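Protein chains: 2
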Amino acid sequence: MADLDPLFISAGYLLLKAGTHFHTLIDAALTDLDLTGRQLLVLGFANRGGPLSQQMASTRLGLDPTIVVALVDELEACGAIKRERDPDDRRRHQLKLTPKGRKLYDSAVRAVTAAERDFLAPLDRTERESLRKLLVETMTPRLPWMSDDA
Amino acid sequence: MADLDPLFISAGYLLLKAGTHFHTLIDAALTDLDLTGRQLLVLGFANRGGPLSQQMASTRLGLDPTIVVALVDELEACGAIKRERDPDDRRRHQLKLTPKGRKLYDSAVRAVTAAERDFLAPLDRTERESLRKLLVETMTPRLPWMSDDA
DNA sequence: TATTGTTATACTCTATAACTATA
DNA sequence: TATAGTTATAGAGTATAACAATA
Numbered sequence: 001m002a003d004l005d006p007l008f009i010s011a012g013y014l015l016l017k018a019g020t021h022f023h024t025l026i027d028a029a030l031t032d033l034d035l036t037g038r039q040l041l042v043l044g045f046a047n048r049g050g051p052l053s054q055q056m057a058s059t060r061l062g063l064d065p066t067i068v069v070a071l072v073d074e075l076e077a078c079g080a081i082k083r084e085r086d087p088d089d090r091r092r093h094q095l096k097l098t099p100k101g102r103k104l105y106d107s108a109v110r111a112v113t114a115a116e117r118d119f120l121a122p123l124d125r126t127e128r129e130s131l132r133k134l135l136v137e138t139m140t141p142r143l144p145w146m147s148d149d150a
Numbered sequence: 001m002a003d004l005d006p007l008f009i010s011a012g013y014l015l016l017k018a019g020t021h022f023h024t025l026i027d028a029a030l031t032d033l034d035l036t037g038r039q040l041l042v043l044g045f046a047n048r049g050g051p052l053s054q055q056m057a058s059t060r061l062g063l064d065p066t067i068v069v070a071l072v073d074e075l076e077a078c079g080a081i082k083r084e085r086d087p088d089d090r091r092r093h094q095l096k097l098t099p100k101g102r103k104l105y106d107s108a109v110r111a112v113t114a115a116e117r118d119f120l121a122p123l124d125r126t127e128r129e130s131l132r133k134l135l136v137e138t139m140t141p142r143l144p145w146m147s148d149d150a
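Protein chains in written order, with the numbering used here: chain P, 1 to 150; chain L, 1 to 150.
Bear in mind the hints are in silico, worked out from the structure with no lab data behind them. Check before you lean on any hint, since a few could be wrong.
Identical chains share a label here; the pair holds if one copy fits it or two copies do between them.
Said to hold, decoys possible - In the DMTMM-like style, the derived pairs of lysine to aspartate or glutamate whose C-alpha atoms are separated by at most 20 Å in a straight line are:
#1 Lys-17 / Asp-64
#2 Lys-100 / Glu-84
#3 Lys-100 / Asp-5
#4 Lys-96 / Asp-5
#5 Lys-133 / Asp-5
#6 Lys-103 / Asp-34
#7 Lys-96 / Asp-3
Here the structure is a predicted model, which means the values were calculated and not measured.
Make a model of the complete structure from these sequences and hints.
This is the structure we're talking about:
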């Protein structure tokens with residue numbers, strides 16, 4: 001090990017580095033499907049957990065609502081989701097996966113899962129599960145939709 | 001736990017979320033010192049590990065060299081580092097911490113360490129160290145300067 | 001009056017290309 | 001000829017403000 005400042009072997013720094021590194025791997029793994037990481041997340045939230053409004057997508061993805069508009073435009077243009085007026089509140093759109101969108105999502109999840117396996121290759125099976133559990137424990141208090149609805 | 005797609009409890013997704021979340025905490029913790037996360041990393045690399053050129057900073061931070069110029073400009077303007085011509089190759093700059101820069105760095109590391117402790121509060125001491133080791137194991141093959149010099 | 005979604009626009013951040021000085 | 005650093009500029013990504021429809 002080189003003569004490094006302790007900062008660079010801290011959990012926080014390595015977490016940041018791991019995040020950005022994995023992010024590039026994800027986007028690379030999704031290029032074949034003409035999909036971005038963000039688009040995949042929208043599909044994922046639309047896939048389960050009840051009706052998804054654009055505002056919900058905005059808070060869950062941590063993105064400005066105006067960005068979600070463009071994001072949903074793209075996904076609707078490629079036929080993966082469709083906007084439907086919410087009958088209970090006609091201001092809202094319900095974002096729903098089309099059959100094509102569901103197939104696309106399944107393929108994308110497979111691609112991302114493979115990328116994750118590559119990324120975590122230095123760890124064995126129990127270590128990978130250990131890491132996952134530690135991250136769940138850390139992030140659950142910070143992701144509202146993990147504990148209940150949002 | 002809500003009816004969530006498995007994607008959102010995967011190690012990869014949680015890693016991305018943890019990374020971005022911690023990133024905002026870091027920047028918030030550094031505002032009092034008028035410092036950004038990137039500036040802190042430059043100070044950290046200049047603090048140890050031999051002479052640091054701007055090109056080295058560029059590869060280590062994963063930033064375009066033109067961005068490093070502005071980054072170093074800022075740090076030099078506030079008196080935290082200074083550029084010195086490398087006597088062995090006068091094209092290069094050696095980035096060196098000033099005494100003021102070292103003090104600033106020490107303060108910043110304390111602030112970041114506190115933020116990290118807050119962020120990892122859901123974990124106990126052994127769990128935090130376990131997470132750190134798993135991240136070291138995962139990232140060492142991907143960070144050239146971890147194993148030797150770069 | 002407040003909220004959802006939308007558009008238009010201004011701002012920030014980043015990358016590209018061209019230049020200098022050194023090698 | 002190639003490389004380290006710099007500058008100027010164009011492009012992508014983002015946030016801000018104003019608007020229409022609905023509550």
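Results for each hint:
Only between protomers do Lys-17 and Asp-64 lie at most 20 Å apart by alpha-carbon distance; the minimum there is 16 Å, versus 24 Å within a single protomer. In this assembly of identical chains, Lys-100 and Glu-84 lie within 20 Å of each other by CA distance solely inside one copy; the values are 16 Å within and 59 Å between copies. Taking CA atoms no more than 20 Å apart as the test, Lys-100 paired with Asp-5 passes between copies only; the shortest distance there is 18 Å, against 50 Å inside one copy. With identical chains, the CA atoms of Lys-96 and Asp-5 are at most 20 Å apart between copies only, with a shortest distance of 14 Å across copies and 49 Å within one.
When the C-alpha separation of Lys-133 and Asp-5 is checked against a cutoff of 20 Å, the pair qualifies only between copies, where the shortest distance is 16 Å, while the shortest distance within a copy is 28 Å. Taking CA atoms no more than 20 Å apart as the test, Lys-103 paired with Asp-34 passes inside one copy only; the shortest distance there is 14 Å, against 48 Å between copies. In this homomeric assembly, Lys-96 and Asp-3 come within 20 Å of each other (Cα to Cα) only across copies, at 16 Å, whereas the closest approach inside a single copy is 53 Å.
Going through the hint list in order, the structure satisfies each hint without exception.
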